[in-house]
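Every position in the sequence shown, counted from 1, becomes a number in the working numbering once 26 is added.
Hints should not be assumed to be uniformly reliable.
Stated by the list, open to error - Subject to a maximum C-alpha distance of 20 Å in a straight line, what follows is the list of computed SDA-like cross-link-like pairs (lysine to any residue):
1) 398 x 511
2) 156 x 69
3) 398 x 480
4) 240 x 112
5) 398 x 414
6) 398 x 515
7) 459 x 495
8) 398 x 522
9) 398 x 512
10) 398 x 459
11) 156 x 73
12) 398 x 504
13) 459 x 522
14) 398 x 240
15) 459 x 516
16) 156 x 107
17) 459 x 386
18) 156 x 68
19) 398 x 516
Hint data in this document are derived by calculation from the structure and do not stem from the laboratory. From a predicted model like this one, the values you see are computed outputs, not experimental measurements.
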Amino acid sequence: MPPSADHIRDLVAEYLDRHPVERSLLSGLLSALDACGAPTSRTTLPGHITCSAVVIDSTGRVLHISHRASGLLLAPGGHVEDGDDTLLGAALREVQEETGIPASLLVLTPEFGHVPIDIDVHDIEGRPSKGEPAHRHFDFRFVMRLTPGAPALALQEEEVAGAVWLAQDEVRSPTLRAKLCAAGLDGTITPVNASAVIHDGRGRYLLHLRDANKPEIWAPGCWDLLGGGREPHDATLRDTVTRELREEAGLVLADLEPYRVDSVIGADGTRVPVELFTGEWHGDPSELALTEGVMLAWFPPEQLTHLTMLPSTRALLETHAADRPAPAPAPAPAAAPAAGRSAKTATAVVGAPAGTELHIIGVHLYLEHDGKVLLGLRHPDSAYAGDTWHALAGHCAYEAATDCLVREAREEAGLVLDPADLDLVHTVHMIDKPGDPPRIGLFFRARYGESEPEVREPDMCVAWEWFGVEDLPERVVPYTRAAIEGIRAGRTYTELGWRR
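Just need the whole structure built from these sequences, with the hints factored in.
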């Protein structure tokens, strides 16, 4: 759908806050917003909205293209299309179509952000050959900087005859030229966002699961760093990240240090430079007062590939982990191998009594509705139980079992669970085959909510279905079948694979 009238009104209101003397000049635009439901349609007369991208290079020059139809040198831009959600999105699409510059190589300025630097009103001559009468364009002009090292322009030959970079005092539009000169913008790209890489000194990272039900936010449903954008009262970006940690999680760190400046791709597709700070913390995330998002949890680097996360965030954490490797654990005293296992496969547990065997803890969701239980069909290429039905499950990291299940339910199926509503209903103590590490499977019953499960990780699970508890499919993971049968029979414990 094209941009809404409310979205356009908000932009105009912010623009007029900066340029109140232009209200009379924009009276035609304001009347169009009040009079019709399609102010961006090129069929709306006597005037409609267009969008342009004011692209500034590293030397402060402004990109102009020569339109074949008019012969004029103008900023890249054009009409709004039905697929443009925002006016900025229309400008970004136009600059890519006409010059080949993708949004990912453009950075919005701190001074203007998503608000146009100029709204120009100009007359368009009629074109009888195309049935177009004379009309007006209300051109919203968004300013942005081109990142260094961008490739050469790839001009749209059927519409663009050439391109040139002009000094700001040579910009062809008088209104745009005046606003650029008044703003004093150069080609310097400076971050206005700050985030914190928080680690525990042992190789784990504190990550924040962002809300998946808010598509308008950046990285919805992803694990990410804590942080945010600079506010007017923040004197520095250190103040920004300190405030964000306190507001988002009630977390106060006194030893935050600058780490590096990185960049991510924002919700609008543009590049967002971020100043990163790093600090050490040793607390329990479940005790923090989280005010935004879903949850906080610790993760070691080797688990990052299993999380829903932006590739740029994963690469950043992997780089940090390589720069600052976790200290090696103190050697454990030699222990006799557990019965039935060789010395090669036995696992020593630091600080545990001799002979202690490390167990893998798995959590499982037992969700029943109208006499049916929820199962997922694992991907045929899955390393475990391919093309087989299984409960929603996952392995515990350094986290409480209920927190792990809440996280897995969200990541795998989009289900929102409350740890307080989870009841342990069955435990399976098992080994798959002799020599394998022992496993403990915890099955938690949860109340059925309103939402249906979604396939969120298709490389692991290809479908979710409800099955009658007395009519399970033939291909079910054996211990899952045993647990379901145990739950139905009122038993709380099952052993599998152990030799007597």
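Q | Restraint status (C-alpha distance of residue 398 to residue 512 at most 20 Å) | A | Holds, at about 15 Å.
Q) Holds or violated: residue 398 with residue 515, Cα cutoff 20 Å? A) 15 Å, holds
Q: For the pair supplied as a hint, residue 398 and residue 516, confirm whether the alpha-carbon distance does not exceed 20 Å.
A: Answer holds: residue 398 to residue 516 is near 17 Å, not above 20 Å.
**Q.** Restraint check for residue 459 with residue 516, where alpha carbons must lie at most 20 Å apart
**A.** Judged against 20 Å, a Cα distance of about 27 Å means the pair is violated.
(Q) For a C-alpha distance cap of 20 Å, please report whether residue 398 and residue 504 respect it. (A) 18 Å, holds
(Q) Checking one constraint from the list: CA of residue 398 to CA of residue 522, max 20 Å. Satisfied? (A) 25 Å, violated
Q. Within a Cα-Cα threshold of 20 Å, do residue 459 and residue 522 meet the stated pairing?
A. Within the cut-off at roughly 10 Å; holds.
Q) Does the structure keep residue 459 and residue 386 at a Cα separation of 20 Å or less? A) 14 Å, holds
Q: Measure nothing beyond the straight line between the CA atoms of residue 156 and residue 73; if it is 20 Å or shorter, mark the hint as holding.
A: Satisfied, since the Cα-Cα distance of roughly 17 Å is no more than 20 Å.
**Q.** Holds or violated: residue 156 to residue 69, with C-alpha atoms at most 20 Å apart
**A.** This hinted pair holds, its Cα atoms lying about 12 Å apart.
Q | Hinted pair residue 156 and residue 68, Cα distance within 20 Å | A | It holds: about 13 Å lies between the C-alpha atoms, which stays within 20 Å.
Q: For the pair we were handed, residue 398 and residue 511, check the Cα-Cα distance against 20 Å.
A: Holds, at about 13 Å.
The structure fails hints 7, 8, 10, 14, 15 (numbered hints given earlier, in ascending order).
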